[in-house]
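Note that the protein sequences, when read in sequence, are chains A and B.
Counting the first sequence from 1 gives a position; this note's numbering is that position plus 22.
Counting the second sequence from 1 gives a position; this note's numbering is that position plus 22.
No lab work stands behind these hints, which were simulated from the structure alone.
Computed from a prediction, not measured in an experiment: that's the story for all the values here.
Be a bit skeptical, because a hint or two may be false.
Where chains are identical, the list cannot tell them apart; a pair therefore holds if satisfied intra-copy or between any two copies.
[Stated by the list, open to error] When the alpha-carbon atoms are kept at most 25 angstroms apart in a straight line, the in silico DMTMM-like pairs for lysine to aspartate or glutamate are as follows: (1) Lys211 <-> Asp38; (2) Lys419 <-> Asp261; (3) Lys398 <-> Glu188; (4) Lys402 <-> Asp421; (5) Lys402 <-> Asp416; (6) Lys211 <-> Asp158; (7) Lys419 <-> Asp67; (8) Lys402 <-> Asp423; (9) Lys211 <-> Asp423; (10) Lys419 <-> Asp356; (11) Lys398 <-> Asp423; (12) Lys402 <-> Glu422; (13) Lys419 <-> Glu188; (14) Lys398 <-> Asp421; (15) Lys402 <-> Asp356; (16) Lys402 <-> Glu188; (17) Lys398 <-> Glu422; (18) Lys211 <-> Asp240; (19) Lys398 <-> Asp158; (20) Lys398 <-> Asp133; (21) Lys402 <-> Asp261; (22) Lys211 <-> Asp473; (23) Lys398 <-> Asp303; (24) Lys211 <-> Asp303; (25) Lys402 <-> Asp38; (26) Lys398 <-> Asp416; (27) Lys211 <-> Asp356.
There are 2 protein chains.
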Amino acid sequence: MANLDVPRGQSLTLIDFRPIGYVIGLLVAVLGLTMLVPLAMDIADGNGHWPVFFESFLITFTVGSLTSLACQNGAREGLTLQQTFILTTGLWAMLPLFGALPFIMGATQADFTDAYFEAMSGMTTTGSTVFSGLQDLPRGLNLWRGILQWLGGIGIIVVAMVFLPELRVGGMQMFRSEAFETMGKILPKASAIAGQISVIYVGLTVACMLTYLILGMDPYNATVHALTTMSTGGFSTSDASFGVFQGPMEYAASFYMIAAALPFVRYVQMLNGNRIALFRDTQVHGFIGTIAVLVVVSAIVLLHIFPHHWEQAVRESLFNIVSIMSGTGYASVDYMQWGAFLITMFFFIGLIGGCAGSTACSVKIFRYQILLISIKAQIKRIHSPHGVFSLRYDGNKLDEDVLASVMSFFVFFTVSVGVFSVALALTGLDFITSLSGAATALANIGPGLGDIIGPAGNFGPLNDTAKWVLIIGMLCGRLELMVVYAMLTVRFWRG
Amino acid sequence: MANLDVPRGQSLTLIDFRPIGYVIGLLVAVLGLTMLVPLAMDIADGNGHWPVFFESFLITFTVGSLTSLACQNGAREGLTLQQTFILTTGLWAMLPLFGALPFIMGATQADFTDAYFEAMSGMTTTGSTVFSGLQDLPRGLNLWRGILQWLGGIGIIVVAMVFLPELRVGGMQMFRSEAFETMGKILPKASAIAGQISVIYVGLTVACMLTYLILGMDPYNATVHALTTMSTGGFSTSDASFGVFQGPMEYAASFYMIAAALPFVRYVQMLNGNRIALFRDTQVHGFIGTIAVLVVVSAIVLLHIFPHHWEQAVRESLFNIVSIMSGTGYASVDYMQWGAFLITMFFFIGLIGGCAGSTACSVKIFRYQILLISIKAQIKRIHSPHGVFSLRYDGNKLDEDVLASVMSFFVFFTVSVGVFSVALALTGLDFITSLSGAATALANIGPGLGDIIGPAGNFGPLNDTAKWVLIIGMLCGRLELMVVYAMLTVRFWRG
Ligand SMILES: [K+]
Ligand SMILES: [K+]
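For reference, chain A alone in the conformation it holds in the complex (with noise of 0.2 angstroms):
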């Protein structure tokens, strides 16, 4: 970090672009051989459209090691901060516009603006989705659409757990010392534990796979819904989203749907002997029992309103309640028609969202947990108010700068769907839609609420514009915000 000591009111420092480049490159290459995933289902279903997924791979590929090698000289184990903040963005502004490709050239046909928001809302696994009559399309881009999902879920789970304690932002540096704190240089950490991780995300992917077959989805629906269960993407494979799989299957989604939403260092730590650490997790308890109050009040309400069957008013307060706090935006009905009382609770339950170092995304339980302690903190003051009071958070003192910056990351979060309404509405959509796009693009659920945009609607009749500050609110929001915005300012570049 040797660039940190230049003295302020210098001109730019050169700022070494290479092992961005490298590990970017690196990554493009490997997001082109997965396409041959896809291709393998095209050419097994007979249904022509593999050369869209040879192209693109051929392109991803070509391009992403041609970078790679070009840059390769310039590769290092350590990152500047400032590299680190660049290569993060980075990534989630330029694997979708690969990602992209087979949309453009596939059944789709989509123009750049579509297939640039569906591949960016599936890598941010927000799953807002801008393609209709999705039963329609060849499988493999289903299947594409799904593994755009999980690769960006389990990128941001390795992004949370390395590069945002590091950065220092939205308070995510307490989880910095958590299990992996003498691992070293950045990337070389950033390989371990995504090495640790993947173990466990296959095995979490395979289970629910297997368990949807059980359950009795035919082995494509599975593989799909595994992919955007895992990631709280919700991307699905029809127009109807999860509602043509009613039941049994919504308890188990809603199993998986949380199991995605919680902190995978926890599950590192029980493989690695400590059995309890996921339920003494002090998120995990918020987390879950949120989800239960929360069920219940929605089940009580929905008898009151619809001849349901109790056992039917628990199950779609569950599934639906937990597909929008994990942000997996996953809809089994349309709850815009379940009455004023229940859109404007799921409108703020999707700015609660899931624990940190998940796949989950929104303002997350940890915050609202730091928040409450400080608050009763300050009434303590009123009593004793030159008292000291050390604040502690699941074990751990609280400091002042985790403090600030998570109140920091609240403000953002409200300023920004404040102004990303407001940008929203200036392109012609009304206020529901203004409103609800905003949020539901800086959280990551995936669907809004309204006509348009809701759970019955998509994003396709939006104008590109709109679309495009989507595009920014869907990135912003996955990378919590401050990595993107404190790119904005002068004095980052400056050095």
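Assemble the complex: chain A is given as a structure, and chain B with the ligands must be docked to it using the hints.
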């Protein structure tokens, strides 16, 4: 503050309610006396409605005087923190109870809920009304509505300058040392400040009234509107609100609404010889600057939507933006017709607010400025992780305590909007009415969005439960949330 030393774990401390009852009783009696003003007007009008105010006066003055007398032996100059909290909330809960009497007994024939809603909306300077056909009410009743807001306005300035800094809530402690630090015990301090503020408040109100008179309003309208302009209350004398006074009067109203939303401590300093106090205040710069930018944006958009003359576009933009940002809530046009962009923008403008220590409400400019300062410091820290940065606002050092309070306020405000929205939706209101109703109540603005409570509607059609939710919202919002919320904790009562 001797009670504070009682060890925790003991049973409830006995709180001495007599000093609280003494002050509340005194102010209830004063409220009773002010009822003689509309009484005089209804006598002069010869409309036969004066007995309403006479009976209200008798009840209010008697109850107030007796309460005050009964508690006189407990009166003292100092209050414990507990007592200050209870007094502040108690005042705003009790005074509207008596302020409501003329609505119950008078021409409006309101039930208790409606009458208390209207009085609370008045004394919190919110300005949401449950009545329609305002132009057909006896003039004394509309004058009474104006007086309620005017009293609420000066009341809140005193609370913001004396009580809130002592209670250390919402970052208001920052304003503690300004101007009045050496004045001693809280109640004499409050009286002294009220005295100085009254001179300015009365002076500005008279100036406003004269301006309206000169520009062509009749004395009755000029008086009522001056009362509701300077309190940023926004009650009007007809359902068309300020729509009947177009042209130069909109500029005049904008000028005085801005004047009412500036920090009154600066006026006091100017009166005491510091001529430039107002113009060097960081909050004032932020407030005026924000208005200027928003007016330009809004005028440009209006010129694109309507075939307006540019002067009309600027005037309507200025008036409506100042009206929303200062929290006055007059409407000169039905801006629900202005298109989604401006509607969405107006919703979020309402969440900005005026300056601290004025009659304006909502989040307030200084909190956004402090958040911005904090966020800049965090970006600095990205480059120098171990640097120590001393944050300054308006020339003073910002300590961690203020920062934490400001951030908590913001979080509280946002979460409150969520909780109140869900509560309103639970009573059966639609999404827009619930969300904008919660926001307009908590920010004490007045009108909401949508067909029911938008600028062209009123709050009369809402169900009683929703009205009570809004009543609580107005009260919490006016008292900077924390004052009321702190009282909801067990710890508060434990002493
Ligand atoms: K999602
Ligand atoms: K108002």
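Here is how each hint holds up against the structure:
no. : hint              : verdict
1   : Lys211 <-> Asp38  : within (21 angstroms within a copy, 62 angstroms between copies)
2   : Lys419 <-> Asp261 : neither (47 angstroms within a copy, 56 angstroms between copies)
3   : Lys398 <-> Glu188 : between (29 angstroms within a copy, 18 angstroms between copies)
4   : Lys402 <-> Asp421 : both (18 angstroms within a copy, 18 angstroms between copies)
5   : Lys402 <-> Asp416 : within (20 angstroms within a copy, 28 angstroms between copies)
6   : Lys211 <-> Asp158 : neither (43 angstroms within a copy, 75 angstroms between copies)
7   : Lys419 <-> Asp67  : neither (56 angstroms within a copy, 69 angstroms between copies)
8   : Lys402 <-> Asp423 : both (20 angstroms within a copy, 13 angstroms between copies)
9   : Lys211 <-> Asp423 : within (24 angstroms within a copy, 37 angstroms between copies)
10  : Lys419 <-> Asp356 : neither (44 angstroms within a copy, 53 angstroms between copies)
11  : Lys398 <-> Asp423 : both (18 angstroms within a copy, 14 angstroms between copies)
12  : Lys402 <-> Glu422 : both (17 angstroms within a copy, 16 angstroms between copies)
13  : Lys419 <-> Glu188 : within (18 angstroms within a copy, 29 angstroms between copies)
14  : Lys398 <-> Asp421 : both (15 angstroms within a copy, 19 angstroms between copies)
15  : Lys402 <-> Asp356 : neither (45 angstroms within a copy, 46 angstroms between copies)
16  : Lys402 <-> Glu188 : between (32 angstroms within a copy, 15 angstroms between copies)
17  : Lys398 <-> Glu422 : both (15 angstroms within a copy, 16 angstroms between copies)
18  : Lys211 <-> Asp240 : neither (38 angstroms within a copy, 77 angstroms between copies)
19  : Lys398 <-> Asp158 : neither (54 angstroms within a copy, 50 angstroms between copies)
20  : Lys398 <-> Asp133 : neither (52 angstroms within a copy, 39 angstroms between copies)
21  : Lys402 <-> Asp261 : neither (52 angstroms within a copy, 46 angstroms between copies)
22  : Lys211 <-> Asp473 : neither (46 angstroms within a copy, 56 angstroms between copies)
23  : Lys398 <-> Asp303 : within (20 angstroms within a copy, 32 angstroms between copies)
24  : Lys211 <-> Asp303 : within (23 angstroms within a copy, 50 angstroms between copies)
25  : Lys402 <-> Asp38  : between (50 angstroms within a copy, 21 angstroms between copies)
26  : Lys398 <-> Asp416 : within (16 angstroms within a copy, 29 angstroms between copies)
27  : Lys211 <-> Asp356 : neither (43 angstroms within a copy, 59 angstroms between copies)
When held up to the earlier numbered hints, the structure conflicts with 2, 6, 7, 10, 15, 18, 19, 20, 21, 22, 27 and fits the remainder.
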